[in-house]
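Undergrad: Letter by letter, the chains look like this.
There are 2 protein chains.
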Amino acid sequence: MASKKVVEVFYDVVSPYSWLGFEIMCRYRNVWNIELKLRPAFLGGVMQGSGNKPPGVIPNKFQYMGKDLARLSEYFDVPLQTPADPFEVMFNKGSLNAMRFVTAVQEREKLGDNQVERVSRELWRRIWKEDKDITEPSSLSEAAMKAGLSDGEIKEVLELSSSKEIKDKLKSATKNALDHGAFGFPLLVCHVNGKPEVFFGSDRFELMAHCIGEKWLGPQPDKSASKL
Amino acid sequence: MASKKVVEVFYDVVSPYSWLGFEIMCRYRNVWNIELKLRPAFLGGVMQGSGNKPPGVIPNKFQYMGKDLARLSEYFDVPLQTPADPFEVMFNKGSLNAMRFVTAVQEREKLGDNQVERVSRELWRRIWKEDKDITEPSSLSEAAMKAGLSDGEIKEVLELSSSKEIKDKLKSATKNALDHGAFGFPLLVCHVNGKPEVFFGSDRFELMAHCIGEKWLGPQPDKSASKL
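Protein chains in written order, with full-length UniProt numbering: chain A, 1 to 228; chain B, 1 to 228.
Note that these hints are calculated values from the structure, not bench results.
Here a beta-carbon is modelled for each residue, glycine too, at the ideal position from N, C-alpha and C.
Misleading hints may appear alongside valid ones.
In silico DSBU-like pairs for lysine-lysine, Cα to Cα no more than 35 Å straight-line [unchecked claim]:
#1 A:Lys5 x B:Lys61
#2 A:Lys132 x B:Lys132
#3 A:Lys175 x B:Lys37
#4 A:Lys215 x A:Lys93
#5 B:Lys175 x A:Lys169
#6 A:Lys195 x B:Lys53
#7 A:Lys171 x B:Lys53
#8 A:Lys4 x B:Lys223
#9 B:Lys61 x A:Lys129
#10 A:Lys67 x B:Lys167
#11 A:Lys169 x B:Lys146
#12 B:Lys129 x A:Lys5
#13 A:Lys195 x B:Lys167
#14 A:Lys215 x B:Lys93
#15 A:Lys129 x B:Lys167
#16 A:Lys223 x B:Lys195
#17 A:Lys223 x B:Lys215
#18 A:Lys129 x B:Lys93
#19 A:Lys171 x B:Lys4
#20 B:Lys37 x A:Lys67
#21 B:Lys67 x A:Lys4
#22 B:Lys93 x B:Lys175
#23 A:Lys171 x B:Lys67
#24 A:Lys215 x B:Lys215
#25 A:Lys195 x B:Lys37
#26 A:Lys53 x B:Lys132
#27 B:Lys129 x A:Lys215
#28 B:Lys146 x A:Lys67
#29 B:Lys223 x A:Lys175
#30 B:Lys155 x A:Lys67
#31 B:Lys129 x A:Lys93
#32 B:Lys215 x A:Lys67
#33 A:Lys4 x A:Lys110
#34 A:Lys53 x B:Lys129
#35 B:Lys61 x A:Lys164
#36 B:Lys167 x A:Lys4
If you want a taste of the chain B side facing chain A, the calculated C-beta under 7 Å gives, among others [claimed, not checked]:
#37 Arg27
#38 Met47
#39 Ser50
#40 Gln63
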């Protein structure tokens with residue numbers, strides 16, 4: 001059996017397309033012969049570092065994005081809903097605290113990435129489904145609680161979140177994404193024969209599968225597999 | 001048998017992603033139960049009208065685009081190659097004359113769209129494979145000759161290209177795309193139950209197929225169909 005190909009997924013919970021990409025990769029981690037590495041990073045840093053502007057500044061693009069997300073949400077079966085004021089949520093409130101929190105969850109979790117997966121998902125659910133805050137400690141705690149962390153664990157993670165170690169770890173992941181050429185998220189980095197193959201967005205899975213020698217079975221591979 | 005769904009593809013030969021989208025739709029016109037309408041339009045007008053900026057202005061995005069196009073070209077089997085100076089080709093030289101020429105070919109062609117399809121493809125081949133000019137009348141004539149038009153036809157098309165009628169027709173197609181919310185090309189407009197469903201880019205075919213009740217068989221449906 002060939003050794004597993006490593007696929008890194010760089011994401012930020014402020015980004016709805018990241019949510020789509022994240023869920024697809026979580027579904028395919030057991031379908032494809034890959035080792036998935038979750039790489040929480042800071043989208044604000046990537047936009048600044050690459051000089052990119054968010055799509056929302058062009059009215060037609062912004063409108064299209066809403067429609068596109070609604071269609072993809074249904075087709076991918078990810079319960080995504082645009083918040084009432086996406087500009088406020090994405091650009092004013094932002095996700096720095098949230099991504100430090102996720103980074104701290106990952107740092108604490110020695111084996112596997114069960115907690116970091118679930119906490120990330122709960123944060124996305126807050127911002128991109130329930131239109132709730134993700135900047136306050138109480139919001140982060142609530143998401144972590146829903147993800148199954150104990151009160152003691154949440155206290156530890158919150159403390160760890162503001163440490164230099166975690167700030168530096170998030171910076172380093174963000175820099176890593178920029179070094180791979182990021183100008184937005186999600187960024188999927190597939191390590192194929194020692195070479196990184198980089199894919200941006202949540203619309204290159206079929207091409208990605210082709211590049212890593214796997215088969216794209218649609219956004220719900222388990223359902224599709226059970227039909228085969 | 002259900003009536004054919006109309007799918008309009010708005011494109012400009014200056015846009016490489018339009019070439020990919022155009023070829024895919026030309027392949028699927030005989031696979032899906034659709035009536036394909038080729039809508040040559042002017043990308044410069046869409047960018048100006050929507051206030052959008054080309055992706056090339058962000059270095060990381062520009063680099064990614066080169067890699068993305070190379071991978072898609074291979075996977076889609078469209079012989080696309082980035083010209084030596086894409087900025088010069090896309091933004092300085094542009095495609096206004098070329099798209100007026102294509103519009104004139106379409107205007108002259110009373111039945112079907114065989115000529116407009118072939119002329120468009122030859123223009124893409126010039127700019128996006130052979131790194132040749134598409135602004136001079138001699139360049140346009142050469143492309144049309146390769147597409148099978150006679151000397152007489154080419155002469156007529158060239159004359160027609162600079163008429164007010166054709167200039168207005170191209171403007172009107174461009175405005176039509178903007179009215180559908182365009183901020184770039186290709187723009188695919190599927191008319192489903194009297195409602196337009198708009199898709200941007202050449203990476204939403206699977207989603208589009210789902211929306212119009214058809215099946216996505218990958219970028220080479222004929223090969224894929226013959227394997228079934």
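Undergrad: Can you give the numbers of the hints that this structure goes against, from lowest to highest?
TA: The structure breaks hints 2, 3, 4, 5, 11, 13, 14, 15, 18, 19, 25, 28, 29, 30, 31, 36, 37, 38; every other hint is satisfied.
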